[in-house]
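Peer 1: The chain contents come next:
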Amino acid sequence: MSIKLTIVDQMKQIAREHGKTLAPLSDDLVLLDSGLDSLGFAVLVARLEDTLGVDPFTTAEDAMFPVTLGDFVKVYENAAQQRAVA
Amino acid sequence: MPRNSVQSLRRIIAAASSERFLWDRAAQVCVTRLAHGTALGGRLAELTGRSVAIATASQLTAALALIELDGVARRLTILPADTDHLPELMACAEVDAVVVDDGTPPSAAFDRLVRVACTPAVVPADPQSAAQTRTEWVLLTSGTSGVPKMAVHDLASLTAPVGAGQRRDGAVVWGTFYDIRRYGGLQIFLRAILGNASLVLSSAGEPIADHLTRLGRCGVTHLSGTPSAWRRALMSPRIEKIAPRYVRLSGEIADQAILDSLRATFPDASIGHAFASTEAGVAFAVDDGIAGFPIAFLEHDNDGVELRLIDGSLRIRSPRTASRYLGDQPALRAAGGFVDTGDMIEQRGNRFVFAGRRGGIINVGGLKIHPEEIEAVINRHPQVRMSLVRPKRSPVTGAIVVADVVLKPDGAGATPQVKHDILELCRQTLPRHKVPAAISIVPSIEVAPTGKLARRHG
Numbered sequence: 002m003s004i005k006l007t008i009v010d011q012m013k014q015i016a017r018e019h020g021k022t023l024a025p026l027s028d029d030l031v032l033l034d035s036g037l038d039s040l041g042f043a044v045l046v047a048r049l050e051d052t053l054g055v056d057p058f059t060t061a062e063d064a065m066f067p068v069t070l071g072d073f074v075k076v077y078e079n080a081a082q083q084r085a086v087a
Numbered sequence: 073m074p075r076n077s078v079q080s081l082r083r084i085i086a087a088a089s090s091e092r093f094l095w096d097r098a099a100q101v102c103v104t105r106l107a108h109g110t111a112l113g114g115r116l117a118e119l120t121g122r123s124v125a126i127a128t129a130s131q132l133t134a135a136l137a138l139i140e141l142d143g144v145a146r147r148l149t150i151l152p153a154d155t156d157h158l159p160e161l162m163a164c165a166e167v168d169a170v171v172v173d174d175g176t177p178p179s180a181a182f183d184r185l186v187r188v189a190c191t192p193a194v195v196p197a198d199p200q201s202a203a204q205t206r207t208e209w210v211l212l213t214s215g216t217s218g219v220p221k222m223a224v225h226d227l228a229s230l231t232a233p234v235g236a237g238q239r240r241d242g243a244v245v246w247g248t249f250y251d252i253r254r255y256g257g258l259q260i261f262l263r264a265i266l267g268n269a270s271l272v273l274s275s276a277g278e279p280i281a282d283h284l285t286r287l288g289r290c291g292v293t294h295l296s297g298t299p300s301a302w303r304r305a306l307m308s309p310r311i312e313k314i315a316p317r318y319v320r321l322s323g324e325i326a327d328q329a330i331l332d333s334l335r336a337t338f339p340d341a342s343i344g345h346a347f348a349s350t351e352a353g354v355a356f357a358v359d360d361g362i363a364g365f366p367i368a369f370l371e372h373d374n375d376g377v378e379l380r381l382i383d384g385s386l387r388i389r390s391p392r393t394a395s396r397y398l399g400d401q402p403a404l405r406a407a408g409g410f411v412d413t414g415d416m417i418e419q420r421g422n423r424f425v426f427a428g429r430r431g432g433i434i435n436v437g438g439l440k441i442h443p444e445e446i447e448a449v450i451n452r453h454p455q456v457r458m459s460l461v462r463p464k465r466s467p468v469t470g471a472i473v474v475a476d477v478v479l480k481p482d483g484a485g486a487t488p489q490v491k492h493d494i495l496e497l498c499r500q501t502l503p504r505h506k507v508p509a510a511i512s513i514v515p516s517i518e519v520a521p522t523g524k525l526a527r528r529h530g
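Residue numbers (our numbering), protein chains in the order written: chain A, 2 to 87; chain B, 73 to 530.
Chain B with its partners taken away, still in its complex shape (with noise of 0.2 angstroms):
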C-alpha cells in the first residue's frame, strides 16, 4: 500500500462492505459497529491530540480503543498486560491520558493522567470531525533486559507490508497466538482490519486446546504464530479442530522440522515464515516451506525492502522500519537509513539462514534472554569462580538456557549438593525461563583474546 493512501483505522472500518468481528475468550464484538460507535464511553474528545497509553488487560479492548484512537491521538503507546517500568515508560513517551479496562491493575504511574475506561460494549455515537493527525505508534520492545526500547512506528510503516503477497481468494478469518499488543501480532490486527477479516484474539491463561476449538469454531483460515507456538499447538489432540489455508510463522528461527511438520498436518495449506522485528517491521516471508531465505533476497529489493549482510549481521532498509527510539537511545536507523537486526545469517549453498543473535542473546519460546544477567546470579554463589550461560537447541521452545560452572578450589567441590544450591538461587532470583535447565560443573571455562567469555552463536 502506498504511503500516502493510509487512511486512519476508524475510515477504513467505516468503508468496508461487510460486517466483521472480533473474538476473544469471553467476547465478540462486531468492529464494523465502531464506524458510528464508541467503546470509550464517548469520550474521544478527551484524548483528542493526547499522547495515549493503551493499558488494558485484555487485547480486545486494547484493539478497538486503537481503531477509535488511530488519527485522534498524537501518539499512541501500546503497553502489553504484563508490562514493567510503568513510570519510566509513561515518562519516555511523555504520556498524559492512559486508556484502561476493567481488569488494568491500579498503578500510581496513571496518577494525575486522563483516565478513559474502554469496554466490549460498543454505543452509538456521533462520527468524528474530519480532523486527522498522523498518529505516532509507539511499540515495546522485546530483545533488551531492563526497561523496554520503545520503536516509532506510523499507520503507514505498519501497514506498508500487508497486502504483499497475500492472497484473496473468499472470506477470510484471521487467528493468532500472539498478543496482539507486540509487533507480530499487531501485524496480524492491521492485516485483519485492511483486509476486511474477522480476527480471533489468544487470550492471557487460556489452555491451548480451548484456543484451538475457538479458533475452530470461528472457522480460522489464516494462523499466525512463532515456531514454539506452533510445535505447542501441534502436541495438542485438537489441533486436528483447525483448517486453515494460511499458516504463518514468525518471531523465531522457523526450522526445517516445524516446516515439514506443519506441512504434514495441513496438506492444502501455504506455510509461509516470516522475518520481522519491532525495529524492523517486516523484511520479507518465506512460502517455499524450506528453512532459511533464498540468498537471491539480498541481490534484489522487494516490494521497497532492501536487504544487506554486514558483519555477518542482517540489515534491512525499508519503508517498514520504525522511525526512531524514543529517549536516550542510540539511532535506531544507521547512517544510510539501514536497520541492523542483530540477527546473524550464514549462507548454506543458495540459502541463508539463521544462526543466533548478536551478543550471544538467546530466545527462550520468543522470550529473549541476555546470558549475562544469570551468570550475574549464578556468580553470586559463594563457591562459583565463574559461569558461561549458552542456549541448548530444544525441539519445545527452540533454545533454553543451560549453565556451565566452574568452583572455587577450596570448596567441597561437584556434589550434587553444589547444584541444587546454584539452581535454587535462579529459582528465588529470575523468572521460570531465566532458570538453566541444567548445570554442568566444569574444569575451566574459554575465554576470548578480549577478556570476554567466548560465547558461539547460534
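Chain A with its partners taken away, still in its complex shape (with noise of 0.2 angstroms):
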C-alpha cells in the first residue's frame, strides 16, 4: 500500500473510534480542518510508526508543522526515502 494510502486508511480508522466525521481527503485539505483535532493527530503519528517504521516528526532535526494533507503525506514519503537511502 502506498504511504498516502496509509495515511488516508489511518485518519478514516481514526475519526471513526474517535467519533469525528473526515472532510474530503485531497492534497490540499488544511490538516486543522480535517475533522481530526490534536489528540487525533497524536495518535495518527504514533500508530504510522508503527505501519510505517517512521516518526519523521520527533526524529526530525528542525520541527515540522505541516499544513496541508499533502504537505503531511509528503513528509513521509521523504522520511521513507532517506531511510532507503540510509
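No lab work stands behind these hints, which were simulated from the structure alone.
Be aware that a few hints might be false.
[What the hints assert, rightly or not] Restricting the straight-line Cα-Cα distance to at most 30 angstroms, the calculated cross-link-like pairs of lysine-lysine (DSBU-like) are:
1. A:Lys21 to B:Lys440
2. A:Lys75 to B:Lys464
3. B:Lys491 to A:Lys5
4. A:Lys75 to A:Lys5
5. A:Lys21 to A:Lys75
6. B:Lys464 to B:Lys440
7. B:Lys464 to A:Lys5
8. B:Lys464 to A:Lys21
9. A:Lys75 to B:Lys313
10. A:Lys13 to B:Lys491
11. B:Lys464 to B:Lys491
12. B:Lys464 to B:Lys480
13. A:Lys5 to A:Lys21
14. B:Lys440 to B:Lys491
15. A:Lys5 to B:Lys480
16. B:Lys480 to B:Lys491
17. B:Lys491 to A:Lys21
18. A:Lys21 to B:Lys313
19. A:Lys21 to B:Lys480
20. A:Lys13 to A:Lys75
[Unchecked claim] Not the full set, but computed from the structure, chain B residues with beta-carbon under 7 angstroms of chain A:
21. Pro309
22. Lys464
23. Thr469
24. Ile472
[As the list claims (entries may be wrong)] Pairwise CB distance ranges (calculated):
25. A:Lys13 to B:Ala368: 50 to 60 angstroms
26. A:Thr59 to B:Glu278: 22 to 32 angstroms
27. B:Gly399 to A:Ala85: 22 to 32 angstroms
28. A:Ala85 to B:Glu160: 27 to 37 angstroms
29. B:Ala336 to A:Asp28: 36 to 46 angstroms
30. B:Gln79 to A:Thr52: 17 to 27 angstroms
31. B:Leu439 to A:Asp29: 23 to 33 angstroms
32. B:Gly384 to A:Ala85: 39 to 49 angstroms
33. B:Arg396 to A:Ala85: 51 to 61 angstroms
34. A:His19 to B:Ala129: 37 to 47 angstroms
35. A:Met2 to B:Ile362: 22 to 32 angstroms
These numbers come from a predicted model, not from an experiment.
Glycine is no exception: its CB is placed at the ideal position from the N, C-alpha and C atoms.
Bring the two chains, given one by one in their own frames, into a single complex with the hints.
Peer 2: Put into C-alpha cells, the structure is as follows:
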C-alpha cells in the first residue's frame, strides 16, 4: 500500500474511533480542517510509526509543522526515502 | 509587587487611565465600566462575605464576576466549565452562593444557594463601600484523578509573579489559548488587568483558525499557551494573522523543537517559557530560547523564589505558592514552606531539564493522566494477565499513552481481535485522551523489587 493510502486509511480509522467526521481528503486540505483534532493527530503519528516504521516529527533535527494533507504525506515520503538511502 | 500593596481588582480598574476591553467569540466588554457598574445585576450586596462559586459557562462572565467579587466575597471558588464532582467541591469550599450565566447547565448542587446571574451587559451601579475583605481565591488542580484538589490563593500570591521581567513598551493586548479559570490562564487575566491591557479570551469549541483570526483582528501583542496549543497554532495557515511581540509557553515541558519553531515563525518576538503549577505558582520564566533552565536558578534566589532539588524533584518556596488545600488533604507546603512540584529534573551540562512526573503521571496536551487508571480498565479484559501504560513522546501533544499487555496463556493468543477488543473496552470506559494509541502484546512486563510495575519516568 502506498504511503498516502496508509495515511488516509489510518485517518479514516481514527475518525471512526473518535466519532469524528472527516472532510474530503484532498492534497490541499488544511489538516486542522480535516476533522481530526490534536489528539487525533497524536494518535495518527503514533500509529504511522507502527505501520511505516518512521516518526519523521520526533526524529527530525528541525521541527516541522505541515499545514496541508499533501505536506503531511510528503514528510512521510521523504522520511521513507531517506531511510531507503541510508 | 509587594504583598501589602495589592488592592482589589475593582480598585485597580478604577485607577486605570485608559479604557481596556475583554473579548470573547461573541462579545466585547469595556471592563473599565465595571469601576462604576455591575455585570451582576447590582446584586453584589447579596454576595458580600459569602463563599461564592463562579460557575458560569463562559470565561467572559467569569472574568467580570471575579473583578466585581474580589475584595467583596469571603472566598471565590473558580469552576472551569466542565467541572465534575460539583457536590463534593461545593461542600468542601462551604459554598453558599453561586454565580451563573445563561449557559450554566442546571445542577442539583446549586439548589438552596443564593444564585446570581452574570451577563456581559455592564449597567451603571453605585460604587461599593470602602469595606474590603482579603478574598480567598480557590483554584482546582488538574493533576489528580477523582475529585480535584482545591488550592487556596489570594490576590497577593496570584499577582506576585506579575511585573517581574515584564516589558512595558506600548499598548499591550494579551491573548491566551488557556481557560482563565485554570491557574495558567488566570495569570494572563491578572497580567492584563494589572498591566492596564486588554485581553482576548479563548472560547470553548472555537476552531483554531477562527481563534487566530480573532487574535489578529484584536491586535494581540502578548500571547500565551501550552506547547501543545502552540504546536496546533503553528499547523494552521492562519498563524500568519498574528504577530505577537511576546510569546509565552507554560503548563507542559517546552522542548527545543517548539522553541525553535516559534523563533522561526516570530523572529522579532521575545519568547519565554515559564514553569508554573496551581500549587507552586509561577516559579520562573526562561527567556534565552533554550529548553530547560540554567542551573544558576537553583543557586540564587530570584524575586523571592527559592528552588531546591530534593530526591530528584523540583521544590519551590515563594510568596507565589498557594497557602494550603481545602478539606482533608496532606499539607500543600512541606516543613520549611517548600512545595514539592512532583516534576523530576535532571542536570544536562549547565541546564536542568524536566524528566517527567514523579509517579509516572503522563501529560497529554495539558491533561494529566494516571497510568494506573487505564491499566485497571485493560486488566478487566478476561484474556489480560497484566498491563503497563506508558507515555510515548508525541510531536503534537507532548505525549500520548500506549499500553504493553501480557495475555493469559490459555487464550487465543495475540490476535488482532484481542487488541481490538481491549481498545473497544477502553473506548467505552475512558475519555478519548486516556485510550491508548497503540497496544503491544508482550511476553512479560518488568516488575520492580517493590512488587510494583517498573515505570520509567519521562
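Peer 1: All the hints need checking, so say for each whether the structure fits it.
Peer 2: Against the structure, the hints:
A hinted pair counts as satisfied when its Cα atoms are at most 30 angstroms apart, and A:Lys21 with B:Lys440 qualifies at roughly 23 angstroms. Between A:Lys75 and B:Lys464 the alpha-carbon distance is near 23 angstroms, which keeps this suggested pair within the 30 angstroms criterion. Between B:Lys491 and A:Lys5 the alpha-carbon distance is near 25 angstroms, which keeps this suggested pair within the 30 angstroms criterion. With a CA separation close to 9 angstroms, the supplied pair A:Lys75 and A:Lys5 stays within the 30 angstroms bound.
At most 30 angstroms may separate the alpha-carbon atoms for a hinted pair to count; A:Lys21 and A:Lys75 meet this at roughly 24 angstroms. Between the alpha carbons of B:Lys464 and B:Lys440 the distance comes to roughly 14 angstroms, so the proposed pair stays at or under 30 angstroms and holds. Taken as a hint, the B:Lys464 and A:Lys5 pair is honoured in the structure, with Cα atoms around 24 angstroms apart against an allowance of 30 angstroms. Note on B:Lys464 and A:Lys21: the hinted pairing holds, with a Cα-Cα distance of about 23 angstroms set against a maximum of 30 angstroms.
At most 30 angstroms may separate the alpha-carbon atoms for a hinted pair to count; A:Lys75 and B:Lys313 meet this at roughly 25 angstroms. About 18 angstroms separates the Cα atoms of A:Lys13 and B:Lys491, which keeps this hinted pair within 30 angstroms; it holds. Proposed proximity of B:Lys464 and B:Lys491 is supported: the alpha carbons are some 18 angstroms apart, at most 30 angstroms. Between B:Lys464 and B:Lys480, the direct Cα distance comes to roughly 25 angstroms. Compliance with the 30 angstroms bound is thereby established for this hinted pair.
In summary, the hint linking A:Lys5 to A:Lys21 is supported, as the alpha carbons are separated by about 20 angstroms, within the 30 angstroms threshold. The hinted pair formed by B:Lys440 and B:Lys491 meets the criterion: a straight-line CA distance of about 24 angstroms does not exceed 30 angstroms. Distance restraint check for A:Lys5 and B:Lys480: the Cα-Cα separation of roughly 37 angstroms exceeds the 30 angstroms cut-off, and the hinted pair is therefore not satisfied. Distance check on the hinted pair: B:Lys480 and B:Lys491 sit about 13 angstroms apart at the alpha-carbon level, within 30 angstroms; holds.
Proximity of B:Lys491 to A:Lys21 is assessed by CA-CA distance (about 22 angstroms); at most 30 angstroms being required, the pair is judged to hold. The straight-line distance between the Cα atoms of A:Lys21 and B:Lys313 is roughly 27 angstroms, inside the 30 angstroms bound, and the hint therefore holds. For the hint linking A:Lys21 to B:Lys480, the alpha-carbon distance of about 34 angstroms lies beyond 30 angstroms, and the restraint is violated. Proposed proximity of A:Lys13 and A:Lys75 is supported: the alpha carbons are some 19 angstroms apart, at most 30 angstroms.
Interface hint status for B:Pro309: upheld, as the beta-carbon distance to the closest one in chain A is roughly 5 angstroms, under 7 angstroms. With 7 angstroms as the threshold, the beta carbon of B:Lys464 comes within range of chain A, its nearest partner Cβ sitting at about 6 angstroms, so the hint holds. Taking 7 angstroms as the C-beta contact cut-off toward chain A, the hint placing B:Thr469 at the interface holds, the least distance being around 4 angstroms. Checking B:Ile472 against chain A: minimum C-beta separation of about 5 angstroms stays under 7 angstroms; hint holds.
Under the hint 50 to 60 angstroms, the C-beta atoms of A:Lys13 and B:Ala368, about 51 angstroms apart, fit the expected range. Our hint of 22 to 32 angstroms for A:Thr59 and B:Glu278 holds, since their Cβ atoms are close to 29 angstroms apart. At roughly 59 angstroms, the beta carbons of B:Gly399 and A:Ala85 sit outside the given window of 22 to 32 angstroms. Remark: the range hint 27 to 37 angstroms for A:Ala85 to B:Glu160 is contradicted by a beta-carbon distance near 57 angstroms.
Distance hint check: the CB atoms of B:Ala336 and A:Asp28 are about 24 angstroms apart, inconsistent with the given range 36 to 46 angstroms. For the pair B:Gln79 and A:Thr52, the beta carbons lie near 59 angstroms from each other, so the given range of 17 to 27 angstroms is not met. Here the CB-CB span from B:Leu439 to A:Asp29 is close to 32 angstroms, well matched to the stated 23 to 33 angstroms. Evaluation of the 39 to 49 angstroms hint for B:Gly384 and A:Ala85 yields a pass: the beta carbon distance comes to about 42 angstroms.
Range check, B:Arg396 to A:Ala85: Cβ separation about 60 angstroms, and the 51 to 61 angstroms hint holds. At about 24 angstroms, the beta-carbon gap between A:His19 and B:Ala129 misses the expected band of 37 to 47 angstroms. About 41 angstroms separates the C-beta atoms of A:Met2 and B:Ile362, a value inconsistent with the hinted range of 22 to 32 angstroms.
Hints 15, 19, 27, 28, 29, 30, 34 and 35, counting from the list given before, are not met by this structure.
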